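Residue numbers (our numbering), protein chains in the order written: chain A, 187 to 491; chain B, 187 to 491.
Hint data in this document are derived by calculation from the structure and do not stem from the laboratory.
These figures come from a predicted structure and were not determined experimentally.
Treat the hints loosely; a few may be bogus.
To be verified - Below, a sample of chain A positions facing chain B; criterion: calculated Cβ distance under 10 Å:
1) Lys272
2) Pro273
3) Asp315
4) Leu341
5) Asp353
6) Leu406
7) Ile412
8) Cys413
9) Gln443
10) Ile453
What the hints assert, rightly or not - Looking from chain A toward chain B, a few residues come up when the C-beta cut is under 7 Å (computed):
11) Glu239
12) Gln335
13) Pro351
14) Asn410
Ideal placement from N, C-alpha and C gives every residue a C-beta, glycine not left out.
Listed below are the residues making up each chain.
There are 2 protein chains.
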Amino acid sequence: MGELFGGIEAGGTKVVCAVGSGPDDLRAQARFPTTTPEETLGRALDFLRSQAETLGPLAAVGVASFGPLDLDRRSATFGCITSTPKPGWADTDLVGPLQRGLGVPIALDTDVNAAALGEWRWGAGQGLDTLVYLTIGTGIGGGGIVGGQVMHGLLHPEMGHIRVPHDRALDPFEGSCPFHGDCLEGLASGPAIEQRWGVRGESLADDHPAWELVAHYLALGVGNLICTLSPRRVILAGGVMERRQLFPLIRAQVVSQLNGYVQARQILEGIDAYIVPPGLGPNSGILGALALARRTETHRSRREH
Amino acid sequence: MGELFGGIEAGGTKVVCAVGSGPDDLRAQARFPTTTPEETLGRALDFLRSQAETLGPLAAVGVASFGPLDLDRRSATFGCITSTPKPGWADTDLVGPLQRGLGVPIALDTDVNAAALGEWRWGAGQGLDTLVYLTIGTGIGGGGIVGGQVMHGLLHPEMGHIRVPHDRALDPFEGSCPFHGDCLEGLASGPAIEQRWGVRGESLADDHPAWELVAHYLALGVGNLICTLSPRRVILAGGVMERRQLFPLIRAQVVSQLNGYVQARQILEGIDAYIVPPGLGPNSGILGALALARRTETHRSRREH
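Construct the complete structure from the given sequences, taking the supplied hints into account.
Next up, the structure:
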């Protein structure tokens, strides 16, 4: 029996907790709605503590959270959610209460960076030193691996907020992003679809022109990520991408928009294996949280031995 | 006396060669036009060989070249310029002839990745684990450091070819990029300026409306790079950026376009130190080539000891 880890995937509407060591060893899981920070973190703590009593001690816990997050270990607010518009959650310390409550190392990253790590370790990105994970749902968020490392910098990526061409003659919708109007998220997220067509995307038929337009914007976004990062694979996830007819539309438009400029056979001849759904399905995030925890443990062991 | 290194900066119109170990130790330099691959590589080889005879043996040579390049060591065409439209240069092997002619390790990267490395080692990016270097001239090219490593992936970044919003009512110019029309390079490079206004940018007055429009597009591009990579600094170089009035225009537009979404004081309060010209001036590329060479030597030594 190997070591046990805890994972917390904290989303804007629900939280998933798990104990295990990977996709083939998920011992326990729990789901509950995201309410106040105190109640939500309390439930996560209770679950992990009780599982540790039953299953054995946890070596570390990974947290994959909605953001924006302060991930700078030198910062006074390290481990906190910072300026989220989500009521009650701005300036919430995630790492502190968990570390005090569990007494084990806590690893924190954005939900999308964690999902990218999970896909890299066990899913559609195995063995690739550079990949992008983009989720298209209530918002659009992106994370990735570059040079074998999870992407960080000044803060963390906010790929959903890149600007893309928007022809207002063809698509007069102003965009749904409260910060930028017609950034990628403002044009192609779930709320953008709902605001533009007056019904939720789930209600639109597979042959509704919405999907061609959404694919057009997502392809512009993916093309920009390809030109910027040169990923070895692009993983598209999230509620909107559940409409699987988007994949062939996006792939065709990415190839057409790049117009042969990026001379890689993976794009020119193998686009079906280049732009793909997540290998871990809906579990990229929670498994990514376990992958974060495992990595912390590895680092700790390396330092100690 | 430390070790000596050679550097070659191969541009589309001219080549710069140097021997030394860094910005304070440049022992010899040469410049000549880029003609045929045979003649051009021959002159570079002659220069480095003769300098090695006079100054002492070179430990390694770094090559910072225009691209696109094959940088995959497992590829049969590793070390080659691939699909360039530059006449005579498609499928040119750079590494092979230099390695055979000099008998030392040859490090190759794109001109912009090398410049990013040079700026990281000795210039405006010292101590930063994540930075972007964008050059705006005959084309627009970008490179960078992410997690302390030069950016590579499927190929290398082609940041000049990202798409940005283009309001054809305000700016009916179709764009100058032969591949994409109005990508960033197509809207804001030197040729785009010349084609749109009928004269070279050098002839346009500082208060010509051209600069506000060029700054607008460059700010959209820089904003996209910030949202994607979260760099700790953005270095803007190249002939177009010699017009220093662009810097305050771009900085103001980046702040305004991001609209407070990226909550980092470096952007909100310190933009003048965040978007900057290269610290090494016009020498980022050739010093980057030396930095590439030094890194190769370091790696080789580490393996050997």
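Worksheet item: Should the interface hint for Leu406(A) be scored as holding, given a Cβ-Cβ cut-off of 10 Å against chain B?
Response: Constraint on Leu406(A) satisfied, holds at 5 Å.
Discussion item. Given a cut of 10 Å on the nearest C-beta pair, is the interface hint for Ile412(A) held or broken against chain B?
Written reply: Ile412(A) check passes; min Cβ-Cβ to chain B is 8 Å, inside 10 Å.
Worksheet item: Hint check: is the beta carbon of Ile453(A) less than 10 Å from a beta carbon of chain B?
Response: Check passed: Cβ of Ile453(A) comes within 8 Å of chain B, closer than 10 Å.
Worksheet item: If you take the shortest Cβ to Cβ gap from Pro351(A) to chain B, is it below 7 Å?
Response: Holds, about 5 Å.
Fill in: chain B contact restraint for Glu239(A) - C-beta distance below 7 Å
Violated, because the Cβ-Cβ distance from Glu239(A) to chain B comes to roughly 38 Å (cut-off 7 Å).
Fill in: Restraint satisfaction for Cys413(A) [CB to CB of chain B, less than 10 Å]
5 Å, holds
Item to complete: With chain B as the partner, please determine if Leu341(A) meets the hint condition of a C-beta pair closer than 10 Å.
Response: 5 Å, holds
Discussion item. Holds or violated: the hint that Gln443(A) contacts chain B, with Cβ atoms closer than 10 Å.
Written reply: 7 Å, holds
Discussion item. Can you verify the interface hint for Lys272(A): is its Cβ closer than 10 Å to any Cβ in chain B?
Written reply: 14 Å, violated
Worksheet item: Per the CB criterion, is Asp315(A) less than 10 Å away from chain B?
Response: Status holds, d = 7 Å.
Fill in: Asn410(A) as an interface hint toward chain B, with CB separation required under 7 Å
The hint holds - Asn410(A) has a Cβ within 7 Å of chain B, the shortest such distance being about 4 Å.
Worksheet entry | Supplied contact hint for Pro273(A), tested at 10 Å Cβ to chain B | Since chain B brings no Cβ nearer than about 18 Å to Pro273(A), farther than 10 Å, the hint is violated.
The earlier numbered hints that this structure contradicts are 1, 2, 11.
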